[in-house]
Amino acid sequence: MATFIGCVMLSNLSIAVETEIRPARPAVQTSGIAVRRAELRVLWRTMLRIRRAEECIAELAEAGQARCPCHLYIGQEAVAAGVCAALRDQDSVWGGHRSHGHYLARGGSLEGLFAEVLGKATGCSGGRGGSMHLLAREVGILGTVPIVAGTVPLAAGAALAYQLRGEPRVACAFFGDGTLEEGHMHETMNLAALYRLPLLLVCENNLYSSHLHWSERRVLDNLHRAGEFHGVPGVRVDGNDVEAVLAAARAAAHRAREGGGPTLIECRTFRFRGHVGPSTDLDVGVKRRDALDAWLEHDPLLRCEECLRALGFEDLDGDTASVEQETGAALAAAEAAPFPEAARVLKHVWSSNPDGPYSPDGARREALCAR
Amino acid sequence: MATFIGCVMLSNLSIAVETEIRPARPAVQTSGIAVRRAELRVLWRTMLRIRRAEECIAELAEAGQARCPCHLYIGQEAVAAGVCAALRDQDSVWGGHRSHGHYLARGGSLEGLFAEVLGKATGCSGGRGGSMHLLAREVGILGTVPIVAGTVPLAAGAALAYQLRGEPRVACAFFGDGTLEEGHMHETMNLAALYRLPLLLVCENNLYSSHLHWSERRVLDNLHRAGEFHGVPGVRVDGNDVEAVLAAARAAAHRAREGGGPTLIECRTFRFRGHVGPSTDLDVGVKRRDALDAWLEHDPLLRCEECLRALGFEDLDGDTASVEQETGAALAAAEAAPFPEAARVLKHVWSSNPDGPYSPDGARREALCAR
Amino acid sequence: MRALTYAQAIREAHAQLLESDPRVFVVGQGLWSPWYAGGSLEDLDQRFGRARILDSPVSENAVTGLAVGAALAGMRPIVFHPRMDFMLLAMDPIVNQAANWSYLFAGQVQVPLVVRAVVNRGGEQGAQHSQALHAFFMHVPGLKVVMPATPADAKGLLAAAVADPNPVLYVDDRWLYSDSGPVAEDLYITPIGQAAVRRAGTDVTLIGISWMAKLALEAAQQLALEGIDAEVLDLRSLKPWDRPAVLASVRKTGHAVVADPGWHTCGASAEIAATIAQEAFSHLRAPVERVTLPDAPAPTSRTEEQAYYPHAGHIAEAARRALRWRTSGPDQYPEQRSEGPPEQCPEQRPEQRPDRRREEATA
Amino acid sequence: MRALTYAQAIREAHAQLLESDPRVFVVGQGLWSPWYAGGSLEDLDQRFGRARILDSPVSENAVTGLAVGAALAGMRPIVFHPRMDFMLLAMDPIVNQAANWSYLFAGQVQVPLVVRAVVNRGGEQGAQHSQALHAFFMHVPGLKVVMPATPADAKGLLAAAVADPNPVLYVDDRWLYSDSGPVAEDLYITPIGQAAVRRAGTDVTLIGISWMAKLALEAAQQLALEGIDAEVLDLRSLKPWDRPAVLASVRKTGHAVVADPGWHTCGASAEIAATIAQEAFSHLRAPVERVTLPDAPAPTSRTEEQAYYPHAGHIAEAARRALRWRTSGPDQYPEQRSEGPPEQCPEQRPEQRPDRRREEATA
Ligand SMILES: Cc1ncc(C[n+]2csc(CCOP(=O)(O)OP(=O)(O)O)c2C)c(N)n1
Ligand SMILES: Cc1ncc(C[n+]2csc(CCOP(=O)(O)OP(=O)(O)O)c2C)c(N)n1
Ligand SMILES: [Mg+2]
Ligand SMILES: [Mg+2]
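Protein chains in written order, with our numbering: chain A, 1 to 371; chain B, 1 to 371; chain S, 1 to 363; chain Y, 1 to 363.
Okay, chain A solo, but in the shape it has when bound (with noise of 0.2 Å):
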């Protein structure tokens, strides 16, 4: 195990990428990182799942077969894709309320995120969670919850299992912009800091926190130096642009790898839709109107594609064929599954006790399970 006193360079990592708020024009070659071009497609495709995925999710919830709230992560499809294409395996990713894309980009099951969000007993939650709460063991996704900041203590705390048992795993926290309004993110930080842990913490600035945009939440528009304080090494990248992402993802699960400890990552982005539902938002906040029709030229799916265009790749919609179908099966099988027995409702409440805790309520229970 790492020393735990010590100074940590704060200038480990030198890829911040500083990027106004409202976009540039989409350009082509973006962050000139040599990311490999089969990789670029697969990053691609990635995205594509996600994006197809959380428009069939929109339509669920409008048309009442989602009944739980979904926070939608279209135009932020970039963030997942880039950061968990530099994890392993092994390495586990925490979320919270804005997960979907988390899930997806680690490969969780599309039909096991459909079924979850129309709440059947074959979600990847067992109809427990609903969007809002994922799990996915067998691809690290160790779990999402949507109290914001939830989750990044526990991240760090997966951290300090690998570090005492000599793994060589990373644990990656997603997050929001508005989450670093919660204390216990700067306390995670300094412990981060400290015990030197494996830890990438991926702050995703969509520069919204539910309605409010940033500058009604701070005065200073410096993210990516919230850690500065504890030690933390932070750096800001273009949150649209895949390869940008990958690259500084890389650098930091590499650190974080080889003992190095945590660093934050500030990605740039909005998110197309509204804080929940499928709606736009265009309501609350400043500028939201403006700075939507700006971003969304700056759509990170498409810039990919032209990406991948002028690279010469010309076969893209054969994957978005599949993509399509795969989409389509998924959602049908997760149609078709069955809701959780009514009589499921006390299990699971303290584990391995299959008949959950005893009932207060005797003759309700006997009710229930009579339904």
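Among these hints, one or two may not hold up.
Okay, the calculated bits of chain S under chain B, using three or more residues with CB under 8 Å as the criterion [said to hold, decoys possible]:
#1 46-60
#2 72-86
#3 105-115
#4 140-146
Computed Cβ-Cβ distance ranges for the label pairs, DEER-style [claimed, not checked]:
#5 S:Ala51 <-> A:Leu302: 50 to 56 Å
#6 S:Ala200 <-> Y:Glu226: 44 to 50 Å
#7 B:Glu39 <-> Y:Gly49: 49 to 55 Å
#8 Y:Gly74 <-> B:Glu297: 33 to 39 Å
#9 S:Ala200 <-> B:Glu167: 49 to 55 Å
Everything labelled a hint here was simulated from the structure, so no lab data went into it.
Ideal Cβ placement from N, Cα and C applies to all residues, glycine included.
Based on the hints, put chains B, S and Y with the ligands in the right spot on chain A.
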């Protein structure tokens, strides 16, 4: 009310004095900032009053007469004296577990303090708080309580109240270096910057939090920069140099009163006694024994006294005698005062409900009252 | 009297309080949003300015502490938590600070603070977006707790909470927001600590909290069809709660059902049932029944959600059970069995388990 | 069997658990201090290294979250809170996270976490350094709660808590640290959920929690001199609690006193009393008595402290009261009166008060 949103200048205050952890040998001309000669003498007297009171309380604790936990301020007197001298009568002061010095520097009654520490009904908190909970509204001590960081958001709230009412008042929170490890300190700094609150954040960095040296708790020695991320400017001063402290606090209070918002002042200092009680805690942390020897040569009271003598003040012994006399009289009065009636125990749970809440246990309550 | 919805009544109370008392201000999350607070704070920022209607960063702890400090400095803050679940981050300012300061300083200060906590559940939101934690705050000396069930009380109890010199937790449930009812136009106070008799009756007392008071009334209507005359009390205040009213009713009917929209163990229903059983001991003709949420977190799927939340039928059935006890005697009553302590279960890595050869003797 | 103090027993359990299971580690405040944990963790850092005995910054929330995450990642952490009062800052990781994750993911994950919370009171420490908040955690589904009263249980319940796949709150009271008693040398498990009969008796059941179990035994000795034969149960586990043992005893004696070192309203005593009154209804010959702390924060001065904390005499007196009920009947029993809701009281600036002319009608 000032505009909420805007960018705070980080360079408003330029008097930062960098000090080493190990103090240099005491120098007669300390900060180079002109403080009027008469004022310096008052500061010295304030420090002396604190020192003598604390020594008395150490004895009361040792003798078992004071039973509540007492966190002594000996060694840090220049911070309370300097900061409080920069405040006005109607400003409020908030503190923590180690706040005898803050209370006395504001002019709180010695008898009220001794009585409180002894658990007497005449104590400044009515004998309900002991050493760790002090109140003296008549001198603007709005409350000191021992939950680490507990009163800092409260101080910000008082500052907000002044701002909302358009009063030219300032709230001042004293806290230790360990306190910045609590997340809500960071939340509070963001709120204070965002709302431009008239708030002084005085961090007394005595290098220890309980038994732990700062290097066992963080990787960087940079507490004055704690608010930078949020747009709260910070300065670092030699906390054993009462003139330097006063100058920094004056600048910060002026800035706050003018609508410039909060300032963090890190005062580097050292407690000569242990974390709690009269001992010196030589058995804990790294380097405590060496550090104590070095800091004892840097005694804020002696430094100020040397300075006064160099300035030609010859009659300091008279002051010493009068402080001695005042302390003795206050102690005698406190010792003679009665303990609270046992039957009072259920009172004040709710304000203006003199009998306290309904008693859950009627019989027991009667028994209580009969004792 | 004109009718308002519950949400409108809350909004009107805020507006009138802000109008009549310059010390009142509101701080918390969602105050500048058109949808966040379900209409209960709509446009207040436009009417009273964003200096008095402060939408805040996601910093529950410091924002609540800020309100406590402002209260100590002479203001009358209402700190708004759009979900009680998030308020768990603010337990220190509420429990350690607000609740204690009057006592700590022997009555020299008061904390005239309103902590408004919204319970927002159902809709497949799940375990972290559903909790009704009023029992926590009932447990803490120094706090008061109110849970209005009608539009009229939503207004009157908010005014009472603001007028009270103590920290008051005001809990409103989104399930009530669209309920409509008569609300007086002027500002008025519904006294804290007084239950309301929603229906007079002689056979059994149904004591309801928040929307369970509504269900209790529904249950009473069902029971009436069977010739059972239930008295329905809407508790309204949980701390202090109206012991005289509850005890008087139970002493009259001899039967009680407590219906609480919180968890069972150590919930509000435990306190009320224990108190009735102790203080109306000789009048009780059957055990006090408790209808609560089961001791489980909130699920999400519609099937489990449906099973999780009690209905009026559960309250009616509990009342019948109590009344059957009277007629048929204890032997007919199916006494509840505890499953006992759950057995120790297999570890993730069994070989690492501590030595269990020795089981310590208990006597 | 050799005797250990309660603090030594806790320390030994830690050492043996750390020795036998590499997944176990300890994190929290005071672990590298010679005095912070009252000897209950002495020198563990030297024996097991500071990587596994992590003294932490003053960051209760993140440190507890760290432990939750480590548990989810396969470790068996013990997170140490030297005072339960400070743990109020960690309610989110305990209540929103640890308690919910098994349920949230339909049993696919477990959180084998021990949260050790020390109650450290008396000594004129006052309101923010005295709280025993176990009732909060009893209320939360998904948590288990234990409160050992003897050195033997201090060891056995810590081992059980570490072995359990669920988050367990382990509450130890500093008032017990110097108590001495027999403790087996090897590691053993005291099963969670089982009460211990500390004294068999026939006339009244005294149910004690933590040091109140000790006082209950003292009370039984006082009562024995008067010819009253009390049965004493040490509850040991609060969630799940041993309903079969408690109910069996009360059905036998017909009288019960619950002695809980926590506040009254919505406390552990409420749940236990309500359950007894419901499930042993026909066997009870007097109301269940509750001996608790009064509903007030902890004072500091010695006079008030002395009045604040219950003594064995209070438990004995409660038992006598219950038994008198049997002989003399209800009319002799002084029924408790609530003071009713406190009156609205004068404001700091009365002219600013909301209009109170209209008092809303309740029916
Ligand atoms: C502790 C807590 N407080 C408040 C909320 C309500 N809430 C849900 S999402 C959200 C905004 C978070 O913003 P950000 O972190 O930027 O993520 P984004 O929604 O932009 O992805 C808020 C305030 C919550 N879920 N948890
Ligand atoms: C929330 C909380 N956590 C822990 C403690 C225990 N505690 C009391 S004082 C203290 C050290 C604080 O250190 P610092 O802020 O540097 O102040 P100092 O004692 O050095 O003046 C700690 C950890 C507490 N009182 N409150
Ligand atoms: Mg955001
Ligand atoms: Mg310190």
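Results for each hint:
{"no.": "1", "hint": "46-60", "verdict": "holds (count 7)"}
{"no.": "2", "hint": "72-86", "verdict": "holds (count 5)"}
{"no.": "3", "hint": "105-115", "verdict": "holds (count 7)"}
{"no.": "4", "hint": "140-146", "verdict": "holds (count 3)"}
{"no.": "5", "hint": "S:Ala51 <-> A:Leu302: 50 to 56 Å", "verdict": "violated (43 Å)"}
{"no.": "6", "hint": "S:Ala200 <-> Y:Glu226: 44 to 50 Å", "verdict": "holds (47 Å)"}
{"no.": "7", "hint": "B:Glu39 <-> Y:Gly49: 49 to 55 Å", "verdict": "holds (53 Å)"}
{"no.": "8", "hint": "Y:Gly74 <-> B:Glu297: 33 to 39 Å", "verdict": "violated (52 Å)"}
{"no.": "9", "hint": "S:Ala200 <-> B:Glu167: 49 to 55 Å", "verdict": "holds (53 Å)"}
When the structure is compared with the earlier hints, violations turn up for hints 5 and 8 and for no others.
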